[in-house]
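Protein chains: 2
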Amino acid sequence: MINIAILGFGVVGSGTAEVLTENKAIIEERLGKEYNIKYILDLRDFPDSPFADKIVHDFNIILNDSEVSIVAEMMGGSHPAYDFTKAALMAGKSVVTSNKEVVSTFGVELCAIAREHGVRYLFEASVGGGIPIIRPLINDLSSNKVTKICGILNGTTNYILTSMRDKGSDFSEVLAEAQKLGYAEANPSADVDGIDAARKIVILSALASGKLISPKAIYTKGITEITLEDVACAKEFGYTIKLIGYTEIKDGKVFAFVSPRMVPLSNPLSTIDGVFNGVLVSANMVGEVMFYGPGAGKLPTASAVVADIIDIIANMDFEAKPIVWEEATEEDLADFEGYECRRMFVVEGDVPCGMPECKTKAVNGMTACVTDAPMSEKDANALLAKLSDKAVSAYRIL
Amino acid sequence: MINIAILGFGVVGSGTAEVLTENKAIIEERLGKEYNIKYILDLRDFPDSPFADKIVHDFNIILNDSEVSIVAEMMGGSHPAYDFTKAALMAGKSVVTSNKEVVSTFGVELCAIAREHGVRYLFEASVGGGIPIIRPLINDLSSNKVTKICGILNGTTNYILTSMRDKGSDFSEVLAEAQKLGYAEANPSADVDGIDAARKIVILSALASGKLISPKAIYTKGITEITLEDVACAKEFGYTIKLIGYTEIKDGKVFAFVSPRMVPLSNPLSTIDGVFNGVLVSANMVGEVMFYGPGAGKLPTASAVVADIIDIIANMDFEAKPIVWEEATEEDLADFEGYECRRMFVVEGDVPCGMPECKTKAVNGMTACVTDAPMSEKDANALLAKLSDKAVSAYRIL
Chain X
0 MINIAILGFG VVGSGTAEVL TENKAIIEER LGKEYNIKYI LDLRDFPDSP
50 FADKIVHDFN IILNDSEVSI VAEMMGGSHP AYDFTKAALM AGKSVVTSNK
100 EVVSTFGVEL CAIAREHGVR YLFEASVGGG IPIIRPLIND LSSNKVTKIC
150 GILNGTTNYI LTSMRDKGSD FSEVLAEAQK LGYAEANPSA DVDGIDAARK
200 IVILSALASG KLISPKAIYT KGITEITLED VACAKEFGYT IKLIGYTEIK
250 DGKVFAFVSP RMVPLSNPLS TIDGVFNGVL VSANMVGEVM FYGPGAGKLP
300 TASAVVADII DIIANMDFEA KPIVWEEATE EDLADFEGYE CRRMFVVEGD
350 VPCGMPECKT KAVNGMTACV TDAPMSEKDA NALLAKLSDK AVSAYRIL
Chain W
0 MINIAILGFG VVGSGTAEVL TENKAIIEER LGKEYNIKYI LDLRDFPDSP
50 FADKIVHDFN IILNDSEVSI VAEMMGGSHP AYDFTKAALM AGKSVVTSNK
100 EVVSTFGVEL CAIAREHGVR YLFEASVGGG IPIIRPLIND LSSNKVTKIC
150 GILNGTTNYI LTSMRDKGSD FSEVLAEAQK LGYAEANPSA DVDGIDAARK
200 IVILSALASG KLISPKAIYT KGITEITLED VACAKEFGYT IKLIGYTEIK
250 DGKVFAFVSP RMVPLSNPLS TIDGVFNGVL VSANMVGEVM FYGPGAGKLP
300 TASAVVADII DIIANMDFEA KPIVWEEATE EDLADFEGYE CRRMFVVEGD
350 VPCGMPECKT KAVNGMTACV TDAPMSEKDA NALLAKLSDK AVSAYRIL
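Chains as they are written, first to last, in numbering that gives the first Met the number 0: chain X, 0 to 397; chain W, 0 to 397.
Incorrect hints may appear among the rest.
You can't tell identical chains apart in this list, so a pair holds if it fits in one copy or across any two.
[To be verified] Straight-line alpha carbon distances no greater than 30 Å define the calculated BS3-like cross-link-like pairs of lysine-lysine that follow:
| id | residue 1 | residue 2 |
| --- | --- | --- |
| 1 | K147 | K215 |
| 2 | K360 | K234 |
| 3 | K32 | K144 |
| 4 | K389 | K220 |
| 5 | K320 | K37 |
| 6 | K220 | K358 |
| 7 | K377 | K358 |
| 8 | K297 | K249 |
| 9 | K377 | K147 |
No wet-lab data here; the hints were simulated from the structure.
This is chain X alone, in the form it adopts within the complex (with noise of 0.2 Å):
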């Protein structure tokens, strides 16, 4: 008999009860072992929920309990869930978690804890929901280099940015609707300003080059200056604008970055809307694929958390391939202002953005100019500089 501790019943961790218990019998077949969730840590009671007897308010209960050896981290944000990690580890338990804060803060300190003590982290739910990503990118995508990741990898702001587009309100109605439906947090700032998807990328990026790199090192920029005219530029050249959370390895460094960028309607993501995510692999071998799915909610997140559970518990007697992080050095990390793409600037009047090669479109008295070649983030901070006033905004072609 295999027991679990759930930390935190809120949305995932109830979820993950809910998955624990509602397909035990197909699991248990599965793995042809048994398992029982021991212990659910929350402050609170939930006297009318049927784990009522599971809850415990310390947390020190399960860590003592030598029976314990798979524990669920539930909790979001870093502190305490980040030391009760680090405690259960140690204490040689396994621990899965959907906390994107934790992983891409402590990822290297706590994948080498888990190494050390013969047991496993794992956090595939931490990105993409219920998407597999993380063990197809460990495991599928083994035989490939993989060269470049880029993904919508946030469902507020993608169903945000869809809703602008679809519905043709503001960013700043749209929000109060996202809030009022449950899609947004009354504090929306990880969210909008992209925080989130920047922890999400640095997790990605970490698992395609071996090095996590702080997410507050990374270029990180939101939705919250896309405006209506914005949306009807990049409808006029056949793009959507997409949130979209971007690492590429180059000649061993990284370039990874989170921006709004017009997406061609070519392009798999252009393709995603609302609250689901998507995610695009480029690899050297088998050229792009992607994966799609929920990237959040409580089932499809816990259908996460428990996948990797079932991995953890089919492989208890097997020494399993750790997963090796370092943390990126200055060195590793590729000069942002050499970063390359194709722009979009969109100029106040009929003036255009003086490009030699571009093409331009009126748009509601401005006008949008498309480079046709790549220009790097210097020489468009430059452009910019030099349109000084009469630019109205400037993007990044996916």
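We have chain X; now place chain W onto it with these hints.
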């Protein structure tokens, strides 16, 4: 040192040699083990190939060499591919393959022989080319009960349907062009008649249900009768026509079949164009996830073959969970007459189809009717019989 033999030096076989060679350094680093391509079996010699010295013409050299522990069967066709696979497994060698014909026909027996001999039989590349789909179904969705799989599983037919829609050329024109480009075989029957898709959907269906249905036992309709009028009707209603491999597991019984279907533009499969494949999986906890990528091609398919080889090497000292399939019996198959979905009927002139609840549109002198409610095969056939010679075509809606 792990010794590998490749059977067949055609497109996928030579791609497999290339992936194993090109990415040798990173793969060996990931595995912490070294490997070597010891033999390549082919009837031909390849004096100019870098692998010329590996070529052998007699399978027994491989079979009798106890140093060879992994055989990659890339020959295609049923015989001798099946016979060589069986012999290799019985000799204690693991086998990986991209051969959907062998897997869909002999999979139950070959998986059983692998189990009995403590080796593995893996076939990630048999469905969806380079797209990770088989391992994700087994590992990543292990916390779920899979209820439905529908996919665009054949790149040739998807290329033809995309060209018919986008260029307005008819089936025979586009087929001829596809043959010229190498996307379709001189004898295109296996593709255009849906046989290839049927083999793939029974493999996916078996992964979800444990029961392998003979591809010959399922209803299979290809794309040869699709007209530009049908394409116009699809467009009128906001659909796109795709050849869909479909399996649904309901009350322990399986509905599996292949047919062209009207796919609403809101369905993510509608966006998969050209030679790409996509597989949409519905499962009871995660909801819907989709896997997208190149469904064929030398290096993408080889990438999946080599992922299986890596899986085998990584788990060599460990008894990996085997695949257990049974042959599906009549009992396991749901009565296809009872399969319910929404329908489109196209009738000559302005005669409506006669359904009480349907939307109709006039298209090029015909009337296209779309039912609001699901309708069984039986009822659809009865209606078609009643319409007799006025009925032009009938489609299932996805």
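A quick look at each hint next to the structure:
1. K147 <-> K215: within (20 Å within a copy, 41 Å between copies)
2. K360 <-> K234: both (11 Å within a copy, 29 Å between copies)
3. K32 <-> K144: Between. Shortest inter-copy distance 17 Å satisfies the 30 Å Cα cut-off; intra-copy 35 Å does not.
4. K389 <-> K220: The answer is within: 21 Å in one copy meets 30 Å, while 59 Å across copies does not.
5. K320 <-> K37: both (27 Å within a copy, 26 Å between copies)
6. K220 <-> K358: Classified as within: same-chain Cα gap 25 Å, cross-chain 46 Å, threshold 30 Å.
7. K377 <-> K358: within (21 Å within a copy, 56 Å between copies)
8. K297 <-> K249: The answer is between: 24 Å across copies meets 30 Å, while 37 Å in one copy does not.
9. K377 <-> K147: Within one copy, since 21 Å is at most 30 Å while 49 Å is not.
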